[in-house]
Amino acid sequence: MPNKDSLVIQPSGEVISHTDSQSDVIVFDEEKRQKLIQILRQIPAISDVAKKLSKGKTYKAYISPEVLKRIKDGSARLAKRDNGYFAANILDVETGRTIHNASLVEVTPDLLNSLNQLATQQTLANIVHRLEVIDEKITDILQGQTNDRLAEVESGIHIYEQAVVASDPDVRRELIVSAIQKLNDGRNKLIKSTDFSFIDKLPRNRLGMFFSLNWDIPKHVQSKAEPVWKAAHAIIKASRYLVLAYSALNQPDSLRVSLEQVKSEVKVFQDKIGKIVHWLPPTSNWRESLTTISQGVLPNIRDLDDILQKTIVVEFQPKEIAPPEGV
Amino acid sequence: MKPCKAKLPDGKPCLNQADEEQEYCPFHLADQIRMPKKILAIALPVLGAVVTGVVTVLVKFVANSKRK
Chain F
89 MPNKDSLVIQ
99 PSGEVISHTD
109 SQSDVIVFDE
119 EKRQKLIQIL
129 RQIPAISDVA
139 KKLSKGKTYK
149 AYISPEVLKR
159 IKDGSARLAK
169 RDNGYFAANI
179 LDVETGRTIH
189 NASLVEVTPD
199 LLNSLNQLAT
209 QQTLANIVHR
219 LEVIDEKITD
229 ILQGQTNDRL
239 AEVESGIHIY
249 EQAVVASDPD
259 VRRELIVSAI
269 QKLNDGRNKL
279 IKSTDFSFID
289 KLPRNRLGMF
299 FSLNWDIPKH
309 VQSKAEPVWK
319 AAHAIIKASR
329 YLVLAYSALN
339 QPDSLRVSLE
349 QVKSEVKVFQ
359 DKIGKIVHWL
369 PPTSNWRESL
379 TTISQGVLPN
389 IRDLDDILQK
399 TIVVEFQPKE
409 IAPPEGV
Chain Z
71 MKPCKAKLPD
81 GKPCLNQADE
91 EQEYCPFHLA
101 DQIRMPKKIL
111 AIALPVLGAV
121 VTGVVTVLVK
131 FVANSKRK
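Quick mapping for you: the protein sequence lines, in order, are chains F and Z. The number in the numbering used here is simply the position in the first sequence, starting from 1, with 88 added. The number in the numbering used here is simply the position in the second sequence, starting from 1, with 70 added.
Check the hints yourself; a few may be wrong.
[Said to hold, decoys possible] Listed next, the in silico DSBU-like pairs over lysine-lysine satisfying Cα-Cα at most 35 Å (straight line):
1. F:363 <-> F:318
2. Z:130 <-> F:318
3. Z:130 <-> Z:107
4. Z:72 <-> F:318
5. Z:75 <-> F:363
6. Z:130 <-> F:360
7. Z:77 <-> F:307
In short, the hints are calculated from the structure, not lab data.
Okay, chain F solo, but in the shape it has when bound:
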């Protein structure tokens, strides 16, 4: 019977789509799935089960949040046998009681910790993907327009791209740190310097509109909204690369602080853009883009907090885990 803290393998008999993701589960992309399969391969209990599974069928492995949670908070650890092998995979630290009895050979606690790291990386990758989608929606409309407000952010992006291809790990790290600094500075300057004051000065009733000095108020709003829009675009770009940069340094907590620092200011930014939307013709091609911005420019950092409440789901075929026969 599957233990609550154990790794459960459930035969599904069918291929499950990777896009069919639920909010309470983490589904790995192909690169991270392969890394996870490498980890699973090293656990003989899993390997033994995989040997008994039917060939050609696809299975799903569920890794419960309890496993990740207990490893992270230090309340569980791997037990070590006298012969140096790690035995029961999870022990309660306080009571010393065995939680699960699957036998593990030469599996270090690092192996299970890396599960946690993989889950964090996948969450960050999901955040980046969502920001990419928002960015695309805005870029489509702004295409061809020079966005000078993006200059400092662009500079940070260029440094990040240089870091990605750097072969020396020290140079790479240094470039990423520099990119983070540029991206944070660029984003903060945009947040502080963007002028929304025109929104509060707009008339809200017929009489006010009639005596307004602007003949075509929606047109006036549109011209004033353009720099705000471009700034929002730059903030999204900066956020996207900040997530990538902090992820490359494996510092999700620093990312969290970086996002928290600008959260309230960005909220004002979003609210003001939400007001601009109602001044636009309902058929305007700006509409979707601005509505998207008003719904959220910064990634949802609660995703990072929720990792320990999520179940990791990995889809695999028996041959990916079990060694080939005769080996």
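Guided by the hints, dock chain Z onto chain F, whose structure is given.
Showing chain Z alone in chain F's frame:
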């Protein structure tokens, strides 16, 4: 905020939101006063020109009658 009462050319309701004390969104409110404002923009200079003309004629008439 509440939904705007205006309808789009295709008959669908407007997607914008109106202020609590208004029935239409800011875009449609501005759209509704656009025409009267345009008429006023054309009428005011015309009216100004007419008034100026009338006043000029009156002044000239008074000046001529005084000379006589």
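A quick look at each hint next to the structure:
no.: 1; hint: F:363 <-> F:318; result: holds (16 Å)
no.: 2; hint: Z:130 <-> F:318; result: violated (60 Å)
no.: 3; hint: Z:130 <-> Z:107; result: holds (34 Å)
no.: 4; hint: Z:72 <-> F:318; result: holds (28 Å)
no.: 5; hint: Z:75 <-> F:363; result: holds (18 Å)
no.: 6; hint: Z:130 <-> F:360; result: violated (58 Å)
no.: 7; hint: Z:77 <-> F:307; result: holds (20 Å)
Consistency note: the structure conflicts with the earlier hints numbered 2 and 6.
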